[in-house]
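Participant: First to last, the protein sequences are chains A and B.
Counting from 25, one number per residue, gives the positions in the first sequence under my numbering.
Counting from 25, one number per residue, gives the positions in the second sequence under my numbering.
Incorrect hints may appear among the rest.
Calculated pairs, DSSO-like style, for lysine-lysine (alpha carbon to alpha carbon, straight line, at most 27 Å) [said to hold, decoys possible]:
{"id": "1", "chain 1": "A", "residue 1": "Lys527", "chain 2": "A", "residue 2": "Lys500"}
{"id": "2", "chain 1": "A", "residue 1": "Lys454", "chain 2": "B", "residue 2": "Lys347"}
{"id": "3", "chain 1": "A", "residue 1": "Lys347", "chain 2": "B", "residue 2": "Lys265"}
{"id": "4", "chain 1": "B", "residue 1": "Lys265", "chain 2": "B", "residue 2": "Lys347"}
{"id": "5", "chain 1": "A", "residue 1": "Lys645", "chain 2": "B", "residue 2": "Lys347"}
{"id": "6", "chain 1": "A", "residue 1": "Lys265", "chain 2": "B", "residue 2": "Lys376"}
{"id": "7", "chain 1": "A", "residue 1": "Lys376", "chain 2": "B", "residue 2": "Lys347"}
{"id": "8", "chain 1": "B", "residue 1": "Lys527", "chain 2": "B", "residue 2": "Lys218"}
{"id": "9", "chain 1": "A", "residue 1": "Lys454", "chain 2": "A", "residue 2": "Lys643"}
{"id": "10", "chain 1": "A", "residue 1": "Lys376", "chain 2": "A", "residue 2": "Lys359"}
{"id": "11", "chain 1": "B", "residue 1": "Lys218", "chain 2": "A", "residue 2": "Lys75"}
{"id": "12", "chain 1": "A", "residue 1": "Lys380", "chain 2": "A", "residue 2": "Lys265"}
{"id": "13", "chain 1": "B", "residue 1": "Lys380", "chain 2": "B", "residue 2": "Lys347"}
{"id": "14", "chain 1": "B", "residue 1": "Lys643", "chain 2": "B", "residue 2": "Lys454"}
{"id": "15", "chain 1": "A", "residue 1": "Lys218", "chain 2": "A", "residue 2": "Lys265"}
{"id": "16", "chain 1": "B", "residue 1": "Lys265", "chain 2": "B", "residue 2": "Lys218"}
{"id": "17", "chain 1": "B", "residue 1": "Lys304", "chain 2": "B", "residue 2": "Lys380"}
{"id": "18", "chain 1": "A", "residue 1": "Lys347", "chain 2": "B", "residue 2": "Lys347"}
{"id": "19", "chain 1": "A", "residue 1": "Lys376", "chain 2": "A", "residue 2": "Lys347"}
{"id": "20", "chain 1": "A", "residue 1": "Lys75", "chain 2": "B", "residue 2": "Lys363"}
{"id": "21", "chain 1": "B", "residue 1": "Lys359", "chain 2": "B", "residue 2": "Lys500"}
{"id": "22", "chain 1": "B", "residue 1": "Lys265", "chain 2": "A", "residue 2": "Lys454"}
{"id": "23", "chain 1": "A", "residue 1": "Lys645", "chain 2": "A", "residue 2": "Lys454"}
{"id": "24", "chain 1": "A", "residue 1": "Lys218", "chain 2": "B", "residue 2": "Lys75"}
{"id": "25", "chain 1": "A", "residue 1": "Lys75", "chain 2": "B", "residue 2": "Lys643"}
{"id": "26", "chain 1": "B", "residue 1": "Lys380", "chain 2": "A", "residue 2": "Lys347"}
{"id": "27", "chain 1": "B", "residue 1": "Lys380", "chain 2": "A", "residue 2": "Lys643"}
{"id": "28", "chain 1": "B", "residue 1": "Lys380", "chain 2": "B", "residue 2": "Lys265"}
{"id": "29", "chain 1": "B", "residue 1": "Lys347", "chain 2": "A", "residue 2": "Lys380"}
{"id": "30", "chain 1": "B", "residue 1": "Lys376", "chain 2": "A", "residue 2": "Lys347"}
Hints are computed from structural coordinates only; laboratory data are not their basis.
Owing to the predicted nature of the structure, the values given are computational and were not obtained by experimental measurement.
There are 2 protein chains.
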Amino acid sequence: MSRNVYLRTLPISDALELVMSRLDRDALLSAERIPTHEALGRITAEPIYAKASSPTYHSAAMDGIAVRAEQTFAAREGRSLELVRDRDYLPVNTGEPLPEEFDAVIMIEHVQELDQNTAAIEAPAFPWQHVRRIGEDIVATELLLPQNHRLSPYDIGALLSGGIFEVPVRTRPHIIFIPTGDEVLDFTRRPEPKPGEVIESNSQVLAAMARLWDVRFTRMDPVPDDAEALRRAVEQGLAQKPQALVIGAGSSAGSRDYTRQTMERFGEVLVHGIDAMPGKPSLIGLAGETLLFGAPGYPVSSVVCFEQLLEPLLAWMQRMEPKRRPRVSVELTRKVPSKLGQEEFLRVSIGKVGSKYVATPLPRGAGLITSLTRAQGVVRIPAHSEGKNTGSSVPAELLVSEPELGRILVCVGSHDNTLDLLANELMGLKRPLTLSSTHVGSMGGLLALQNDSAHLAGAHLYDPVSRDYNFPFLEKHLPGRQIRVVNLAIRQQGLIVARGNPKSIEGLRDLVREDVRFINRQRGAGTRILLDDELERNGIDPQQIAGYEQEEYTHMAIAVNVQSGVVDCGMGIYAAAQALGLDFVPLARERYDLLIPEEQAREEAMQTLLNLLRSDAFKEKIAALGGYEVGLTGEVMSPGTGLG
Amino acid sequence: MSRNVYLRTLPISDALELVMSRLDRDALLSAERIPTHEALGRITAEPIYAKASSPTYHSAAMDGIAVRAEQTFAAREGRSLELVRDRDYLPVNTGEPLPEEFDAVIMIEHVQELDQNTAAIEAPAFPWQHVRRIGEDIVATELLLPQNHRLSPYDIGALLSGGIFEVPVRTRPHIIFIPTGDEVLDFTRRPEPKPGEVIESNSQVLAAMARLWDVRFTRMDPVPDDAEALRRAVEQGLAQKPQALVIGAGSSAGSRDYTRQTMERFGEVLVHGIDAMPGKPSLIGLAGETLLFGAPGYPVSSVVCFEQLLEPLLAWMQRMEPKRRPRVSVELTRKVPSKLGQEEFLRVSIGKVGSKYVATPLPRGAGLITSLTRAQGVVRIPAHSEGKNTGSSVPAELLVSEPELGRILVCVGSHDNTLDLLANELMGLKRPLTLSSTHVGSMGGLLALQNDSAHLAGAHLYDPVSRDYNFPFLEKHLPGRQIRVVNLAIRQQGLIVARGNPKSIEGLRDLVREDVRFINRQRGAGTRILLDDELERNGIDPQQIAGYEQEEYTHMAIAVNVQSGVVDCGMGIYAAAQALGLDFVPLARERYDLLIPEEQAREEAMQTLLNLLRSDAFKEKIAALGGYEVGLTGEVMSPGTGLG
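Excised from the complex, chain A in its bound form (with noise of 0.2 Å):
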């Protein structure tokens, strides 16, 4: 049993440090001509001199005559003077070259026309006045720009106008990556992936990073688990002589062996691991002057991987400050415990509640690309810290605009197929709103109204006694709130079970079954107190129960784990099991609701959304989905209503 042991992590600052401290910058990028309206978001390689003024002569910045200013000097309000065309003034335009001999002009507004050659003026002009002067904006020979400067769409027009054509630039980096590994499927072939393989996408992750950091970007053909192969490839690589060749892992260990092993093979490692999470697993290397990559295959470790490590040094090699997100102060609503010693990089979800940003952290997992795509934000819990409590205010890196976070409804609670439809809704209106959703079940979505972290929450909470929906809980968790709920729909809920249903699963009483496997909700889930209050109803000992213990967050987890055949069957809603083409077993219908505190309901956006509810455009597509009742839906509930 080999494994991969890291001699010494660093801090990342150290690893950039380290790295840095062994290159000679001068020498990494060499310096090429090109045109110049081609050479946005280059770097001067010299200083540029003007070759040529601008403007190249005087010219009238008004429409108005042009004048000889001290043949104005008489003119006074009251006792206007009169000047005879061509010999006193002559007619000028804006941008048109002021005639010889005069030194000024006088606007139109101000000249009164007596007659085809006379005009009169009742104020004097004094010299230059309204003339843009030659060289007034670029004189040949001054510096236009310095070197190491990165151009601008302005330098672009300042040095066309300074008759420069083509500057002296640095060369763009270029990045090459190798992507590994005996499971890795390519996805130029469009394949469709078997259990067991991984469609390869790190690749086009850091392709487009590398569209907004402006460098050149190769992928090379996918390489098995071999190491004979890899060596081929970096060859090949090093050959092109890019500034930095990346070793994409494939997910195995085996594959990042050979890594570390064929970077020591044409260089030398640098860095084996630094003190983050996720992006523990990254390497540096040296190979002349190009620098080495091993990068996790997890593609939220490869992002950190990228964004921490190859981009500042790209930055550096080329002179630019690195390009930093703007930032906000946001409060976390839920405790984040962080392992002493590593950085870690928390994606957050984050909406404007009230006056304060709210960030709630998504799942943590290094393979999860979807906590980026979801994510508005970056949490970065420093390395000594032990984690951060709820409430803790933190600054967040923001991955949208500040002002798209106040275009965002923070929705807190059990998982709805529906709510994907929503937020996909709310996307086509003509000022788009941004659903964000977390699913932490009902119950933590009344938390989170608790908390003032959420502007809704999804609830489908069951009181068997007053056998009414939210409302007990409401009074119990939340006294004295003003809550307003609001349908969503009236859902199906029942057995997802494989297609064809082969175990013959009829009902509850079948979960004891020696031969069925069952999957759960977590606890908190209104689905996973539907269930518990069934089994009580029925008189079923929940431990009998194989695979009770192990929990999934929401239906569509339940759903595939049913497909992929790991489990008979789970409790869920007929759209998880109807999307993935299973079969179902209905138990009990259930509504669900939003749960909106009525200062929120008053918001614009919020208002949005309930009219949106209660579009029958938006209710055919509810019902579309199959497993729902829309006889309430955008309806605002009372206590006592139950299923209406």
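Chain B: place on chain A using the hints.
Facilitator: Chain B alone, transformed into the frame defined by chain A:
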């Protein structure tokens, strides 16, 4: 004399709303399917649901052994449990599929290998421990992204992982730009402009912005000031069905008349003139579903038109929040009067002096593209304001990142060519520094130090009584302040005359000749003070000098006036004459110093600058300019030193 009349100018926001109210956004951009890995930055045209789950299988999330959790429950610290390979456990590496029938992984660090076939554990595993579960990231059929979502690098990764190899996205907006004007030179021909000619560059400023906005851009060939030629060009442009067609006015008003007339021929003019400065003469119209723009000819006006009108409309079309620049609060170093009823876009140079950001207004002319390239920010002075006083705190939109502001040295005062040299050298340092120089004359520099609005000032103030430089002025204007005076160079001042000195100007006495046209430096400039002193000493009456009232702000501006033949001579430094190949009549040597408040002199960045000044390499570069002596360069001056 025909001229443009603005029927009714509009505030920018009103203009945008008017245009948006006339467009059907849904019809503007069609949809297309493109490969996912090429879709960065594009906007989804439909919701996107996953086709594949990810991962497709349960896999080990750690290196270790796969076990059945229920078989491990008896393990305790100090009471280890032995497991038999194949029967009770199997070794497993991160990412490898979890062997069938196993449901948990124990990290290798917590396993004691007794022999090849026996492992001992001291703690139980809970079900799913360290298992990356099927569908944990993505479940097939779930919503990956809603409609109208802009694709990030992370999204590309999620889409590929979810088996989406093609995405439906909105087409990118397409901008066509037609440069116009008889005086306009096509930059692609690399022209050398003669007086009266202008190198067309606005198209390339827009082209570069289009790259940043990620929209398509096409430039058509320049069109002369000819109504029929413009009509044909617009017709050709519209045939491509762009989302926006921009007619770039030449700098003559005539061509702008054609713009409006041509727009009306193909469609309707919605906005003629905005309440903005620069940018007022912008036109917006509509021809079918194509936006028509008449962009002003002055470079800064056209930038305002592009950024304030075109960009927000393109963003709106794509349902994107328009990009917002980072803002900081700055203190204005000078009073800025502004016209009521017009929003002004004031370009400012920003630096951090002490704990505050200070903003020095740059020249305000709409024709000065360098007022943008030299700016670090833009201050918007609202239409309802008549301007801002010195010391006002105002928000500035940053053109650089905030960390870059910390790397700027603000130099205010007299102009000298060696400052350009210094600026370039500072950008070549390991950690580059930006030297931002504003030229307001030596007295203006002293004033800036008085107000703590600069890190250093350049001055060459001569006091005829003490025959000393700068110190007498510091004593008078900054009494009690600790100012370190460091020499930059001793330089030659004199009369800059045309090549070959055709008017045989030999000295100051020639300035009163009838045939000699002079141009002066502005009041407060050290050169002006020197001239006035020399005139007085020689008993010459300034009123007798033709052109004494005409002022320029820099040595180079004086030189270019001489070079173009507008004047016969002006006072300035040798380096300026030499740069433009002019002749020079020496009058005096003078000391040019950098005045640095002691608290600034102790800062790291200033230390870097001072070290650079003392280096031989830098002194050699100054000397190579000609007209400079470097015997005192980099040395700290004390009162009474004079010329050393």
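Participant: Next, verify each hint and record whether it holds.
Facilitator: Hints, verified against the model:
{"no.": "1", "hint": "Lys527/A with Lys500/A", "result": "violated, 41 Å"}
{"no.": "2", "hint": "Lys454/A with Lys347/B", "result": "holds, 18 Å"}
{"no.": "3", "hint": "Lys347/A with Lys265/B", "result": "violated, 36 Å"}
{"no.": "4", "hint": "Lys265/B with Lys347/B", "result": "holds, 26 Å"}
{"no.": "5", "hint": "Lys645/A with Lys347/B", "result": "violated, 34 Å"}
{"no.": "6", "hint": "Lys265/A with Lys376/B", "result": "violated, 41 Å"}
{"no.": "7", "hint": "Lys376/A with Lys347/B", "result": "holds, 19 Å"}
{"no.": "8", "hint": "Lys527/B with Lys218/B", "result": "holds, 24 Å"}
{"no.": "9", "hint": "Lys454/A with Lys643/A", "result": "holds, 20 Å"}
{"no.": "10", "hint": "Lys376/A with Lys359/A", "result": "holds, 19 Å"}
{"no.": "11", "hint": "Lys218/B with Lys75/A", "result": "holds, 13 Å"}
{"no.": "12", "hint": "Lys380/A with Lys265/A", "result": "violated, 50 Å"}
{"no.": "13", "hint": "Lys380/B with Lys347/B", "result": "holds, 26 Å"}
{"no.": "14", "hint": "Lys643/B with Lys454/B", "result": "holds, 20 Å"}
{"no.": "15", "hint": "Lys218/A with Lys265/A", "result": "violated, 37 Å"}
{"no.": "16", "hint": "Lys265/B with Lys218/B", "result": "violated, 37 Å"}
{"no.": "17", "hint": "Lys304/B with Lys380/B", "result": "violated, 33 Å"}
{"no.": "18", "hint": "Lys347/A with Lys347/B", "result": "holds, 15 Å"}
{"no.": "19", "hint": "Lys376/A with Lys347/A", "result": "holds, 25 Å"}
{"no.": "20", "hint": "Lys75/A with Lys363/B", "result": "violated, 36 Å"}
{"no.": "21", "hint": "Lys359/B with Lys500/B", "result": "holds, 23 Å"}
{"no.": "22", "hint": "Lys265/B with Lys454/A", "result": "holds, 24 Å"}
{"no.": "23", "hint": "Lys645/A with Lys454/A", "result": "holds, 19 Å"}
{"no.": "24", "hint": "Lys218/A with Lys75/B", "result": "holds, 13 Å"}
{"no.": "25", "hint": "Lys75/A with Lys643/B", "result": "holds, 25 Å"}
{"no.": "26", "hint": "Lys380/B with Lys347/A", "result": "holds, 23 Å"}
{"no.": "27", "hint": "Lys380/B with Lys643/A", "result": "violated, 56 Å"}
{"no.": "28", "hint": "Lys380/B with Lys265/B", "result": "violated, 50 Å"}
{"no.": "29", "hint": "Lys347/B with Lys380/A", "result": "holds, 23 Å"}
{"no.": "30", "hint": "Lys376/B with Lys347/A", "result": "holds, 20 Å"}
In the structure shown, a violation is registered for the earlier hints numbered 1, 3, 5, 6, 12, 15, 16, 17, 20, 27 and 28, in ascending order.
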